[in-house]
Amino acid sequence: MQTAAAPEPSNYLNVAHTVKSWLLTRDHKRIAILYLLGITFFFAVGGLFALGIRLELLTPAGDLFESETYNKLFTMHGVAMVFFFLLPSIPATLGNFLVPMMIGAKDLAFPRINLLSWYVYMIGGLFTLAAALLGGVDTGWTFYTPYSTAASNTHVVLTGVGVFISGFSSILTGLNFIVTIHTMRAPGMTWDRLPLFIWSHYAASIIMILGTPVVAIAVLLVALERLFHIGIFDPNLGGDPVLYQHLFWYYSHPAVYVMVLPGMGVISELVAAFARKAVFGYKFVAYSSLGIAVIGFFVWGHHMYVSSQSIYAGLLFSILTYTVAIPSAIKVFNWTATLYKGSISFESPMIYVFGFIGLFLVGGLTGLYLGAMGLDVHVHDTYFIVAHFHYVMVGATIMAYMGGLHYWWPKITGRMYSEGWAKFAALTIFVGFNLTFFPQFILGYLGMPRRYHMYPPEFQVLNVLSTAGATVLGVGYAVPLIYFTWSFFRGARAPANPWGATGLEWQTPSPPPLENFTTPPVVTQPAYAYAEENAVA
Amino acid sequence: MVEHTQHVAPVRLYVVVFLALLVLTFLTVGVTYVDMGEYNLFVALGIAIFKASLVILYFMHARWSPRLVQIVMLTSLLFIGILASFSFADYLTRGLLGVPGR
Amino acid sequence: MHSPDAISHARLQHHFDTLEQQQQASTLGMWLFLATELLFFGGMFLAYTLYRAWYPDAWVAASHHLDVFWGAFNTVALILSSFTMAMAVHAAQTGSRQGQIVFLVLTMALGTVFLGVKAMEYADKFDHHLVPGPGFLFDDPRYARAAQIFFSVYFAMTGVHALHMVIGLGLLLWLLAGARRGTFTAEYNTPVEMVGLYWHFVDIIWIFLFPLLYLVGHH
Amino acid sequence: MGNIPLFPQQASNHATAVDGLYFFIISVTAFFALLVVVLVTIFAVRYRRRHAAEVGTPVHGALLLEITWSVIPLIIAMVMFYWGATVFFAMSRPPQNAMEIYTVGKRWMWKFQHVTGQREINELHVPVGTPVKLLIGSEDVIHSVFVPAFRVKMDAVPGRTTSLWFTATKPGQYHLFCAEYCGQRHSGMIGSVYVMEPAEFQTWLAGGAPPANMAEAGEKLFTDLACVTCHHEDNTGRGPSLRGVFGSTARMTGGGSVTVDEAYLRESIVNPQAKIVAGYQPLMPTFQGLVSEEQMNMLVAYIKSLASRPAETDAAAPAAAPPQ
Ligand code: HEA
Ligand code: HEA
Ligand code: CUA
Ligand SMILES: [Cu+2]
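So the protein lines, in turn, are chains A, B, C and D. Residue numbering for the first sequence follows the working numbering, starting at 1 and increasing by one per position. Residue numbering for the second sequence follows the working numbering, starting at 1 and increasing by one per position. Residue numbering for the third sequence follows the working numbering, starting at 1 and increasing by one per position. Residue numbering for the fourth sequence follows the working numbering, starting at 1 and increasing by one per position.
Among the hints, erroneous ones may be present.
Unchecked claim - Ranges between beta-carbon positions, derived for each pair:
{"hint": "1", "chain 1": "D", "residue 1": "Leu221", "chain 2": "A", "residue 2": "Leu227", "range": "43 to 49 Å"}
{"hint": "2", "chain 1": "A", "residue 1": "Leu227", "chain 2": "D", "residue 2": "Gly256", "range": "34 to 40 Å"}
{"hint": "3", "chain 1": "D", "residue 1": "Pro5", "chain 2": "A", "residue 2": "Leu227", "range": "45 to 51 Å"}
{"hint": "4", "chain 1": "D", "residue 1": "Arg50", "chain 2": "A", "residue 2": "Leu24", "range": "18 to 24 Å"}
{"hint": "5", "chain 1": "D", "residue 1": "Leu221", "chain 2": "A", "residue 2": "Ala61", "range": "39 to 45 Å"}
{"hint": "6", "chain 1": "A", "residue 1": "Ala44", "chain 2": "C", "residue 2": "Thr112", "range": "46 to 52 Å"}
Unchecked claim - Which residues of chain A face chain D? A few of them, derived with a C-beta cut under 8 Å, are:
{"hint": "7", "residue": "Pro111"}
{"hint": "8", "residue": "Leu115"}
{"hint": "9", "residue": "Gly238"}
{"hint": "10", "residue": "Val242"}
{"hint": "11", "residue": "Ser307"}
{"hint": "12", "residue": "Tyr322"}
{"hint": "13", "residue": "Val332"}
{"hint": "14", "residue": "Tyr340"}
{"hint": "15", "residue": "Phe389"}
{"hint": "16", "residue": "Arg451"}
{"hint": "17", "residue": "Thr524"}
Keep in mind that the hints were calculated from the coordinates and are not lab data. Note that CB positions come from ideal geometry on N, CA and C, so glycine has one too.
Given the sequences, and given the hints that come with them, work out the whole structure.
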């Protein structure tokens, strides 16, 4: 910092340096950074649990941890990763930073609520962390009854309270996005000019608002049932344990689209920027986000084919599961078509895009195996499922998240990072990821159940491969942590628009000034108007 | 896009709505003393829906609210409907196949 | 979209251009929040529906242990409070400070009455061992199990509802302080309107809870 | 490295059906994955940026293309749905003559009882070539019966009866897993399924003096628990006669009717108020907590055995006995 020749122009980072100016900030950009720190912390926590899991599974015998410890490891891994890392990851960091900028607003509609949502998130996180430190919880991230209500003697209530609280953070973020997108667009920023990133965040926000409260009440009822022995989910008292599964998946299936939709938005931006070309079929990509969000609410029963749910309900959920795959297909094909006649460059964010497409293909297409009732019977609750959801959640979404971070990093921090290291990390992650999770498909079809502390010896070789991959993957994730930190303090100054991209966020200095734009923007063109200057029509 | 300033409803309207709600409350208690079999439930629900609509339309000004607000309202109802109908797609068809647990 | 010469007003937050825009945002935000709330209760309504369908007779038997008089009394109290709340909003919109204060105090009084009656009913359930858990006792042993579920649902729903009432009372208190300072005027009264929406929503939930819990079957 | 399995054994009638579907979906998805990967690669190479200021050539969306790549996947997806549903239906409907085995999940073991009375723990012996139907319950939390070599799985849900069926096709020893997380020793809730030649199986079944068969044990319970005080065979008691109920269609008070299967019998015993037989009062007390999972199975086996009993003579062998 001391080497800067001319005094830096005033921006949101250097206007104030006190801790208080951060902790009481209402600037969406600073809140995004607060979130970034929280999320990275929980990713590291979840990652440590994952390493514990993988180390234990190196050998068939349960020799590293007690069974109970292992069960707590995967539960807390799932809880930390899903509720405290992946759900908020892209929306709360990149979304928070970019939604107002992309539509030309000075801030989100409710800045105080935005700050509140971060505090709510952290408080929820602390509850869950406290539960982990006090001895942990062992129900699996799904909290199935009656195990969670009547059998487990771990900190279910404390964890549940943490999840419940963090749900409100998600609701507040979604609410803020929807209101902002509706009421704060700059003059000329009509709906058909919105960047696709905005569309996908809008769609994800709908899910946050309409889904989250249902899982909140489900978890609340679990807590009440544990505390007061009310019988809503307890078959011994006349309740129905499967009702809990309905309530849980009513949210948790759409929630997987909360995890992937913002990532898809990132990919649309990146594909356009690095092919210097408007996204093919803008309208289809935009509306497919809404399609995924809405149809996503109709398919939850595909998690319950063998739960004793009625076969007819299963049929309904199965056919709808297949229809929700179509909007995803539309997106993939349109991204591919966007590359056609583009001007494609291969900076690190684009490498992540290629990674995303590859891993999302595997993850999404394996979803089709699970939607088929007859096939899901065999692979349900095996490592096939574990592999499927890591491909979509970790493979696809984290690739998108990393791609987005690399793409907007210069805007967020005003600094560049080392391109060489960035490419190295991207490749390491890709290789490590596939090595970790591809063998799990095979394991799953062989029949290795999930949540198994010990397993029959014939499964060992594939598990060793997986653990080896996880090590590579861990390194791949640690490297960006290092060069990003370095870049934040020491990196070369970034220009306003290092990629030559369109979009309002690139038309303001890096890092942006306090209220985002020095002059209020007026929009006159659709998104991604690349060829406009040398248009041949 | 800017809406004109808020709609201020006349006090008289509020009084009328209140009285209607009061009457409906007595009505809903009253009809439980009439045995209509299964229809008791539907009558009670019908009255409740009617009362809720009055509150929403007049006390909450939904009648004069922007379209978007009305859409939000209807959407939330729709999604409750999805939750209920799809869960009941399970409960109502259990046992239909005549094979336990299917 | 907004006129550049937007009226400047002390209540206009820096990131909005006009008070209208600000008010629109708040209204939409509040309604979205209520949508969330509705789904939150929706989970419990689903549980209610399922068990009522499974245990129709027990539902009737258990419901008859609730006192229709007090249920109806509370319904009237809440409806009246909704009315006074609407009047408080009206007072704010017409710039009547006195009116705001009177109607807010009335609304709070009615809300407190509601909670008082609720507390009394809860105490009564405790006395009669109708609180779910190991101490639960039901006069008709055939229905004991399902009646316990009824009361679980009863306590969960009315409890969460009462919690909303308590939060509402807190918000009203905050409004009252503002009203006394003369914060809300014909020009700027968004907070009163927003809390009003919330209060009416809580009322609506009760409008459904009352027949569903107190008036099952015929008396 | 010789014996690292990459593909599970096929040891039941369902295995080939499931695997057929599996290979179909593999080929479809491999096709689409390759299609996209190849196109992306070709475009990335062919349209790489040649100089710094270059921008892409605008290509406007094509409606026809969008429709094509929505409709074709949709059609293929519907084929997958249909195929998957067909396989699932076949898995769900056991043949009439299936040999029944009562299965109870309990933390952390599997308990099986054959209708002839033999009990097994964490081991299940079945003959090759005979359809076998497991009637599954749980004593505590949710478990899930899973035999990878048979490609079958079904949750054991406390308070309910569930079922699965298969016909083993290859003698041998196969893994039996609990697939639904059930607490500390979930991964220890495993065992083996032994598929035997029919003759061998008969010997096994005959070996080790079997106690009373399940229906007989159930009959004794029926008396001990005083069910007989209300349920007389000649329909003179306060409750309906249970002779011939199983498999019939019972009419309920307030309209509606139910097919009487094992799940309904269980419900009638633990939760008699839920469905009241037309013409009777809701008098029957709940036996929830008074009968264990295993006793429940015996009662069910007994009531089922009444189904086929001709009105006059008492047949010696219950219908549910394994075919010879
Ligand atoms: C980001 C998260 C994410 C995403 C995006 C998805 C996407 C999908 N998922 Fe996944 N899923 C999870 C996260 C996710 N899932 C998790 C966490 C679980 C397990 C939870 C637990 O039990 O712990 C799970 C479990 C799960 C199950 C339950 C399995 C079981 O427990 O038995 C099923 C069943 O149908 C399923 C299906 C699908 C489908 C059909 C899609 C579709 O949306 C995929 C659509 C995408 C494509 C299809 C690819 C692109 C399309 C083409 C290239 C065109 C070709 C297409 C056709 C021919 C149709 N998932
Ligand atoms: C977003 C979600 C997410 C993410 C990112 C991950 C990441 C990983 N997961 Fe996870 N996983 C889940 C969600 C996720 N998982 C869920 C929901 C379950 C189900 C739980 C349940 O059954 O209830 C599950 C279950 C699960 C299992 C199955 C356990 C079982 O069923 O018995 C396994 C096994 O291999 C596994 C492995 C991994 C691995 C190796 C990673 C790796 O990608 C992790 C790599 C990351 C690191 C190694 C950390 C990176 C390092 C740093 C950032 C620097 C570190 C810094 C310091 C230590 C200071 N996961
Ligand atoms: Cu029993 Cu897992
Ligand atoms: Cu799902």
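Here is what the structure says about each hint:
no.	hint	result
1	D/Leu221 with A/Leu227: 43 to 49 Å	violated, 37 Å
2	A/Leu227 with D/Gly256: 34 to 40 Å	holds, 37 Å
3	D/Pro5 with A/Leu227: 45 to 51 Å	holds, 46 Å
4	D/Arg50 with A/Leu24: 18 to 24 Å	violated, 50 Å
5	D/Leu221 with A/Ala61: 39 to 45 Å	holds, 42 Å
6	A/Ala44 with C/Thr112: 46 to 52 Å	holds, 48 Å
7	Pro111	violated, 37 Å
8	Leu115	violated, 38 Å
9	Gly238	holds, 7 Å
10	Val242	holds, 7 Å
11	Ser307	holds, 5 Å
12	Tyr322	holds, 4 Å
13	Val332	holds, 6 Å
14	Tyr340	holds, 5 Å
15	Phe389	violated, 15 Å
16	Arg451	holds, 4 Å
17	Thr524	violated, 17 Å
Of the numbered hints listed earlier, those contradicted by the structure are 1, 4, 7, 8, 15 and 17.
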